[in-house]
Amino acid sequence: MTSVLYDAPGPRAKRRNVLLSVLFLALLLLGFWWAWSAMSDKGQLDWAKWEPWLADSESWTTYLLPGLANTLKAAGLAMVIALPLGALFGIARLSDHRWVRIPAAVVVEFFRAIPVLILMVFANQFYSDSTDISVDDRPMYAVVTGLVLYNASVLAEIVRAGILSLPKGQTEAAKAIGLRKGQTMTSVLLPQSVTAMLPALVSQLVVIVKDTALGGAMLSFAELLSSRKTAASYYASVIPSFIIVAVIFIVLNLLITGLASWLERRMRRSKKSTGAVVGPEALENLETIGPKTIRMDHGENTGGGFGGGTA
Amino acid sequence: MFDFLEDYDLLEAFWMTVKLTVFAGIGSLVWGTLLAAMRVSPVPVMRWFGTAYVNIVRNIPLTVIIVFSSLGLADVFGMTMGAADDVDTMTFRLSVLGLGAYTAAFVCEAVRSGINTVPVGQAEAARALGLSFSQVLGLIVLPQAFRSVIGPLTNVLIALTKNTTVAAAIGVAEAALLMREMLENEAQLFLIAAIFAFGFVVLTLPTGLILGWLGKRLAVKR
Chain A
0 MTSVLYDAPG PRAKRRNVLL SVLFLALLLL GFWWAWSAMS DKGQLDWAKW
50 EPWLADSESW TTYLLPGLAN TLKAAGLAMV IALPLGALFG IARLSDHRWV
100 RIPAAVVVEF FRAIPVLILM VFANQFYSDS TDISVDDRPM YAVVTGLVLY
150 NASVLAEIVR AGILSLPKGQ TEAAKAIGLR KGQTMTSVLL PQSVTAMLPA
200 LVSQLVVIVK DTALGGAMLS FAELLSSRKT AASYYASVIP SFIIVAVIFI
250 VLNLLITGLA SWLERRMRRS KKSTGAVVGP EALENLETIG PKTIRMDHGE
300 NTGGGFGGGT A
Chain B
0 MFDFLEDYDL LEAFWMTVKL TVFAGIGSLV WGTLLAAMRV SPVPVMRWFG
50 TAYVNIVRNI PLTVIIVFSS LGLADVFGMT MGAADDVDTM TFRLSVLGLG
100 AYTAAFVCEA VRSGINTVPV GQAEAARALG LSFSQVLGLI VLPQAFRSVI
150 GPLTNVLIAL TKNTTVAAAI GVAEAALLMR EMLENEAQLF LIAAIFAFGF
200 VVLTLPTGLI LGWLGKRLAV KR
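Listed in order, the protein sequences are those of chains A and B. Residue 0 is where the first sequence starts when you use numbering that gives the first Met the number 0, and the numbers rise one by one after that. Residue 0 is where the second sequence starts when you use numbering that gives the first Met the number 0, and the numbers rise one by one after that.
Check each hint, because a few of them may be wrong.
Lysine-lysine pairs mimicking DSBU-like chemistry, simulated, CA-CA at most 30 Å apart [what the hints assert, rightly or not]: (1) B:215 - B:18; (2) A:228 - A:41; (3) B:220 - A:167; (4) A:180 - A:167; (5) B:215 - A:167; (6) A:48 - A:228; (7) A:72 - A:228; (8) B:18 - A:228.
Here are the in silico distance ranges between beta carbons for each label pair [said to hold, decoys possible]: (9) B:138 - A:249: 31 to 41 Å; (10) A:75 - B:188: 36 to 46 Å; (11) A:179 - B:25: 27 to 37 Å; (12) B:9 - A:133: 42 to 52 Å; (13) A:129 - B:43: 26 to 36 Å; (14) A:235 - B:180: 28 to 38 Å; (15) B:2 - A:193: 28 to 38 Å; (16) B:209 - A:31: 50 to 60 Å; (17) B:183 - A:131: 44 to 54 Å; (18) B:6 - A:130: 40 to 50 Å; (19) A:186 - B:10: 49 to 59 Å; (20) B:74 - A:9: 28 to 38 Å.
Simulated from the structure, these hints should not be mistaken for laboratory data. The C-beta atom is built at its ideal place from N, Cα and C for all residues, glycine as well.
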């Protein structure tokens, strides 16, 4: 493999690369050996600590699967509620009327600037003060509320980027055939931008899934991380439980990321889409997203522009 | 109305947030750049390690990492970060470690995308002069890459500032923990929430504006 940064290796470079590989591998193995021996010193490698997770279904049916179900339920609910809200605010930010545009922008920027945890803690207290939601349900409500408030504002930005990524000609053509503003938005711009931003929407799910863990640590929401805690104290197995939970999260999120990039590839390929595809990393580059840069990016697809960043 | 504030040290809590952000920010910048260098290096093992690290760490919730650094690293592995007797210092350092390790994955991706924006001709010209890989990377590519990724790095920094609240999960006395404590003791829900929201807006908004302006100024015009 050759790259911009180096030529195909000659004999000396080959020797150096082998040497570096060996050194680096040795370093890795040293780290691995340290972790391994520390774990075996503390008895974390005993089969007794792993057995409940690997050979026993009870730990899964009693602890992990209900936790995972709660994680997925909170994430799914948050996504479903935040999507229409986000679309509304994203469109409002593009309004021609200043009195719609500016409040929408203030709301979106405000909730984007505040940590999700702060929103969750606030929602938890709010529900306990002014509603009669039962103590058992409250953490779930609080987590979903926090996630919705934050992610609706992020989704609003994705929607805005998606609509802005469409070529100007789409709006002009709609105007030319006499569509009103609302009609232009609902029957021309939105349907097209949905395909463009689908990958970004899906990969936002990863962020939501990860943030549910906050509820487990701070609000006693019975999701995966807090069910790990209960199970770990029952089986007296700290490290294995962490490893199992981490692996579940990684697999789940890799599946979502895989879905997002599969969608992205499909949409780039299909001839139907007019604008660019707003990839998972579009948000980070939102400042630079204007119709102009997007089209440039679209032209340089092969060079791995903004969107294709997820390896 | 603001009387109850005298019982709490708001500035102390936000100062902790700032300290967490600064230390974890420096750590993640160094480690993230190293990871990015590994991911573009000619040595396959390093490339493999960089890719694996980024894909694994990005997909684990930060909360899991922070809780693990307390219950796993400190309790089981005995990594007390040189402060075994002082719990506050230890949890602070562990949080910085966890935040840094997590944020580095995002820094790495930002820096790598910056490396991709440097035109091939720059590196080719540098190689034609006889510079080695590390010289091409250190003298030609990375300086240009950094100037073009100030924007994305700013977003990573802002995300890090907000993420420091997760340290509350292991009891670091920062803003989110103080907010929860205040909400439990006082009946001023909206006022307290507004104060903390305002605190975070004050921390993140100027960072975004200043660094965004700097990024536009410093970006290599092509």
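- Which hint numbers does the structure go against, in order from smallest to largest? As far as the earlier hints go, 10, 11, 12, 13, 15, 16, 17, 18, 20 are violated by this structure, in ascending order.
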